[in-house]
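Trainee: Now for the letters of each chain:
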Amino acid sequence: MPLRIATQVHGWLLLLPAAVLLVAFTHYPAMAALWNSLHSTPRGSRPARFVGLDQYAAMAQDPIFLQSLMNNALFVLGTVPLSIALALAMALWVNGRLRGRTALRVAYFTPTVLPMIAVANIWLFFYTPGYGLLDQITGLFGLPAHNWLGDRSTALPALMAVTVWKEAGFFMIFYLAALQSIPPTLREAADLEGAGRWTFFRRVTFPLLMPTTLFVLVNAIINAFRLVDHVIVMTRGGPDNATALLLFYIYEVGFRYWDTGYAAALTAVLLAILVVLAIGQFLYLDRKVHYR
Amino acid sequence: MTVRKGWMTAALTAALALSAGAADAATKISFYYPVAVGGPITKIIDGYVAEFEKENPGIDVEPVYSGSYQDTITKVLTALKGGDAPQVAVILSTDMYTLIDEDAVVPFDDLVKTDADKAFLDAFYPAFMENSRTGGKTWGIPFQRSTIVAYWNKDAFREAGLDPEAAPQTWDELLAMATRLTRRDGNGNVTQWGVQIPSSGFPYWLFQALTTQNDVRLMNEAGTETYYNDPAVVEALQYWVDLANTHKVHPPGIVEWGTTPKDFFEGKAAMVWTTTGNLTNVRKNAPFPFGVAMLPEKKRRGSPTGGGNFYIFKSATPEQRDAAFKLVQWMTTPERAARWGIDTGYVAVRPDAWETPAMKAYVADFPPAAVARDQLPHAWAELSTHENQRVTKALNDGLQAALTGAKTPAQAMEDAQKEADRILKAYR
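In the order they appear, the protein sequences are chains A and B. With the first sequence counted from 1, adding 1234 to any position gets you the numbering used here. With the second sequence counted from 1, adding 599 to any position gets you the numbering used here.
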């Protein structure tokens, strides 16, 4: 009996460090945010009071929240499929036998290694109207200067381009690993059957990559909702909120306006969206994924 | 670079304090300041602080460069919530209500001890004090204050057949001159814009020049009401939008604040509106003769004041508050206000600074330096309300929507007002 208790204690002690970290940095903040979202924001002279769901009701009246939600949806649609497709294409290419493929792999992966803020500043220079790289190139063809980040119609796509450039290399690594675990015998069998390259890709490679695709997809969507550094450096959500993404808006409400109650409510909504999306993807796609 | 410099100064002063012995333990204060214009501002501030410390061996100041004005208020509020607020900081005069609502700052009236201290609070231009006082108390001391002025390229005026010594005096003249100054190449692409008013970041400030000229206020004195949808405000916005979209003498869309001086140096814009704080920057870098003028008038002349005030924080101990107050007084003596004005182009904040020999010599040598001062009687307080960041953003969003053509000026201002009403409801 004492031995069993000792084992129990031992087990719990082993779990303790991880559990403490998890509670302190994940569960407690999440619960606290939920709790705060039901209260008004305390100001110097006015303490917080319980307001129920008022903060959530306020969202429906908040045009910037609705727009940032819309922007985020566009952002997901614009970056996720494109970066996954690019990642796959790049992986297929550098997986083949070709000269200097290590250099190529490194080149594709570099954007992922660079710090986000540095990357954003470099792109900021590319996009600078009149003096930036992009305008200097278009200027050679006699096109007028364009304010890429200052125009409502190009600001969000400009940010998307940076994200795709950054993410594709990262996802490529996953695809590359998956491709190398596909047994070469399948290729040989297909050759014997006389299957073309496209058929082989469509019927063999792609289905075998589905677990990776699912993983990458979930990550890509979470990343698209988590993006905030590029927005802060490059546009600060402007012009007229054209590039305000959800997390950036939460940052603004929380740390510029110090409306912590409302920011907590927005955070809860973001969390709910991510949970729903993740569950949906797993339930729906899991059935289509071929695991070995 | 600047951070390291700050560290070095701090380390150096710490070493000095140590070598001086523990007998006179120095009062330590940290001092946050932003930089919003071109030029080696951090070096100048570090120099001032070193000088101050030399004259006041009992006080140990750590100057912290804290980014833009926006970054500074964010950093200060974050530090405040974390219990680590600076003791003194330069923050936008318009953030006064926010700082009061957060219960972060002390009024200078509480720190006044002598008659000389009391007189100090009244030493500044009244236009600057509009944003520094509320409820009968003085919450901020003007430091890097400015107004908007117009810079014009005399060579471009000459080439366009205009009198190079005469800047536009009215809105109509501005449009007429800008039309003649706008030049296009063979493909119809503009090589030189007639006039450029920046609209990134804080378009409300430049817009407030137009509304002031149209004789309409954007907010009440208590900071609880805005008048964004007033017809005169809409008219002012229409004028700005028309310059770009109808008359095509102003770059379309959003114009970068940061590159506007460079656009001027490179001849991409013949006239620009920007802060007088850029004066020294323009003087050093413009390769052609340029002029500085008061902004043109519609119903009256006008510009908002702008820039930063000193604030002293409540969390400071009494000794720290006294030390901080000493620093503030030291930084704004007539001689130093004059030197700061000469070093940067900001308006020396008190009338007696303009009577100092250094300033007199500077103005005699370089008359444009006095333009911003002469514009002060026409200047109004910069837009400032409770929840300032948010209420101002509502206007910024509306302006950018109108300038990018997403909304008509009337619609944009209507929406901005609705948003401001929603936010300010709690303060009425």
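If you are wondering where the hints come from, they were derived from the structure by calculation, not from laboratory data. Just so you know, even glycine gets a beta-carbon here, dropped at the ideal spot from N, CA and C. Just so you know, not all the hints are guaranteed correct.
Beta-carbon label-pair distances, calculated as ranges [as the list claims (entries may be wrong)]:
(1) B:V711 / A:A1282: 28 to 36 Å
(2) B:K883 / A:L1311: 43 to 51 Å
(3) B:P656 / A:T1260: 24 to 32 Å
(4) A:A1307 / B:E918: 37 to 45 Å
(5) B:E865 / A:G1376: 41 to 49 Å
(6) B:V711 / A:V1467: 40 to 48 Å
(7) B:G734 / A:G1376: 53 to 61 Å
(8) A:A1506 / B:T1007: 32 to 40 Å
Trainee: Determine whether the Cβ-Cβ distance between B:G734 and A:G1376 falls within the hinted range of 53 to 61 Å.
Mentor: Once the Cβ atoms are compared, 59 Å apart, the range 53 to 61 Å for A:G1376 and B:G734 holds.
Trainee: Do the beta carbons of B:K883 and A:L1311 sit within 43 to 51 Å of each other?
Mentor: 48 Å, holds
Trainee: Do A:A1506 and B:T1007 keep their Cβ atoms within the hinted range of 32 to 40 Å?
Mentor: 36 Å, holds
Trainee: Between A:A1307 and B:E918, is the Cβ distance one that fits in 37 to 45 Å?
Mentor: 55 Å, violated
Trainee: Is it true that B:V711 and A:A1282 lie within 28 to 36 Å of each other by Cβ?
Mentor: 35 Å, holds
Trainee: Is the gap between the beta carbons of B:E865 and A:G1376 within 41 to 49 Å?
Mentor: Given about 18 Å between the Cβ atoms, the range is violated.
Trainee: If I claimed the Cβ atoms of B:V711 and A:V1467 lie 40 to 48 Å apart, would that claim hold in this structure?
Mentor: 43 Å, holds
Trainee: Is the hinted range of 24 to 32 Å satisfied by the C-beta distance from B:P656 to A:T1260?
Mentor: Because 50 Å falls outside the window, the suggested range is violated.
In this structure, the hints that do not hold are numbers 3, 4 and 5, in rising order.
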